[in-house]
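Per this note's numbering, the very first residue in the sequence shown carries number 1; after that it's consecutive.
Among the hints, a few may not be true.
As the list claims (entries may be wrong) - Distance windows between CB atoms, simulated:
#: 1; residue 1: Asp236; residue 2: Asn194; range: 29 to 39 Å
#: 2; residue 1: Thr292; residue 2: Glu82; range: 48 to 58 Å
#: 3; residue 1: Leu220; residue 2: Asp333; range: 17 to 27 Å
#: 4; residue 1: Glu82; residue 2: Gln388; range: 47 to 57 Å
Unchecked claim - Restricting the straight-line Cα-Cα distance to at most 30 Å, the calculated cross-link-like pairs of lysine-lysine (DSSO-like) are:
#: 5; residue 1: Lys362; residue 2: Lys229
#: 6; residue 1: Lys180; residue 2: Lys212
#: 7; residue 1: Lys337; residue 2: Lys353
#: 8; residue 1: Lys379; residue 2: Lys42
#: 9; residue 1: Lys85; residue 2: Lys74
#: 10; residue 1: Lys212; residue 2: Lys123
#: 11; residue 1: Lys85; residue 2: Lys191
#: 12; residue 1: Lys180; residue 2: Lys119
#: 13; residue 1: Lys85; residue 2: Lys172
#: 14; residue 1: Lys42; residue 2: Lys368
#: 15; residue 1: Lys52; residue 2: Lys101
#: 16; residue 1: Lys46; residue 2: Lys337
#: 17; residue 1: Lys85; residue 2: Lys379
#: 18; residue 1: Lys46; residue 2: Lys362
#: 19; residue 1: Lys346; residue 2: Lys357
Note that these hints are calculated values from the structure, not bench results. Think of the CB as a built atom: it goes at the ideal place given N, C-alpha and C, for glycine as much as any other residue.
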Amino acid sequence: MYKRIFLLSFIILLNSLNADAFSFKKKDAREREAEYILNVLKQEEKERYERKKLDYKPSGYMTVEEYEALSTYKDKSQQNIEIPKVQKGSDMKYVPQPTYKIVRYNDPPGSPELNIPPKQFYKTRQYNGQGIASPDFSIMVYPVVYYYPNSASTASDLFVINLEQSGTPLSKLKKAHVTKRDHEPILSTEKSINDEYVFRTLTPVDFSPDGKKLLVKEKLGSSQDGIWKTNAIIYDFETKTSYDLLELRDAIIYYWEEYRGLNLDYTRWDIYPLGFLKNEPDRIAAYAYAYTGGKPVFLGIWSVDCHGEQSRLYSFDLDTIELSVNGFKLVQDGVVKPVILEKEEKALKETEKMQAKAAKEKEKADFKQMETEYKEKIKQMEAEFKEQSKDYTKQQNIGGTTSFNEAPDKFREVKINELTKEIEKGQKELEKELKYIEKLNKELQKVNN
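Based on the sequences and whatever the hints tell you, model everything.
Below, the structure is given as structure tokens:
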């Protein structure tokens, strides 16, 4: 009995269904093409999403185009290379760390010399000397000495480093670095390597009070028998020219031969540039000494102007000369106390812990954002395809075709009607919202009154 009832019910159900319920819509060429394009775009979007996750922390995965772009030659001389900052670890142990202060460079006058460590110099074949900062801390000048092992000779250049415009004088000098120097030196010695054991060095002595001129001494000699002579040179930063003050040596030779009957050409003697005169800032002063094998003989204090003119004897009294001391240098003042470093270590541990936590949370949030954007993009693409599929179905139902771009007039009318209804619906919703806002404004005015 139950079997008859079930069979009867099944027959009634079959009779109630339309034959079209079991028919499947046949997709035409344009719909199949749209579906294929959708799948391609979804795959590309997925690859971009996966690539974003890989690129979040740089890895070795890259395309040929990316590799070629990164490996393209770049001229280092045209790039601004930042000085790398070494991060201190929170597990650091106490190591005496120096502290620095600024002092006068040419103090006492004429004292600046190059202290070249022989072993290191012969190994590295280059020595960077102490820098001197201008009175306004806008530039720093430092010498470089080169060693040529084939002839055991040396040569020298003088370079300028432009200091940072902002910051304290101490911070400016601490941030000065050879990578920030001008490419071309302002002064250079002879660089011939034919003369064996000959040394040529440049040493900055001092800036003028206005910082526009620099006094430099050039030492020539041999590592076998000592210094031959010292030349005084003035470099003018305004005209970018240098003056070799040869007239100073000529005046000393002339005076001692003419008035004292001493021919210095047969005597070993030299000058010691001191700096700029305090009362005459356009003139420099120098000591002169002769060497007779015993105690050096003082030949007087001599002065000459910055263009090598009007050389004259200043005095034989060492205490009468007054010189201005204008340049500055950085020297070690002491070391950081252990208790300070211990506090820094504790603070760094807390900072590193907080930074690690923040970085982890940021990474999690960034990956979540990437996933959300990816899903929204896929959702939008599928919605657009779904809307497109509805249009294809409507065209087929009204007897049109989607294989070509030939939309029938009836489908166009249907589409226009649908869009018009959507616009009207949107306008009604907008009007409703505007009325609600107007109502709230009236209530707000009542409350204010």
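When you check the alpha-carbon spacing of Lys362 and Lys229, does it fall within 30 Å? violated, 67 Å
Taken at face value, is the distance from the CA of Lys337 to the CA of Lys46 at most 30 Å? Between Lys46 and Lys337 the Cα gap is close to 56 Å, so the pair fails against 30 Å, i.e. violated.
Next pair to validate is Lys180 with Lys119; report whether the Cα-Cα distance is within 30 Å. Within the cut-off at roughly 27 Å; holds.
A range of 29 to 39 Å was offered for this pair. Does it hold for the Cβ distance of Asp236 and Asn194? At roughly 31 Å between Cβ atoms, Asn194 and Asp236 fall inside 29 to 39 Å, so the hint holds.
Supplied distance hint 48 to 58 Å, evaluated on CB atoms of Thr292 and Glu82: The hint (48 to 58 Å, Cβ to Cβ) holds, given that Thr292 and Glu82 are roughly 56 Å apart.
Can the restraint linking Lys180 and Lys212 be considered satisfied, given a maximum Cα separation of 30 Å? holds, 20 Å
If you draw a straight line from the CA of Lys346 to the CA of Lys357, is it 30 Å or shorter? Distance ~17 Å between Lys346 and Lys357 Cα, so the pair holds.
I want to verify a distance hint. Is the separation of the beta carbons of Glu82 and Gln388 within 47 to 57 Å? At roughly 52 Å between Cβ atoms, Gln388 and Glu82 fall inside 47 to 57 Å, so the hint holds.
Keeping to a limit of 30 Å between CA atoms, is the pair of Lys85 and Lys379 held or broken? The hint is violated at about 46 Å.
Could you tell me whether the CB distance from Leu220 to Asp333 stays inside 17 to 27 Å? violated, 36 Å
Proposed proximity, Lys172 with Lys85 (alpha carbon, max 30 Å): With Cα atoms ~16 Å apart, Lys85 and Lys172 stay inside 30 Å; holds.
Has the given pair, Lys212 with Lys123, been kept, meaning a C-alpha gap of at most 30 Å? violated, 36 Å
Going down the numbered hints, you'll see the structure goes against 3, 5, 10, 11, 15, 16 and 17, while the others check out.
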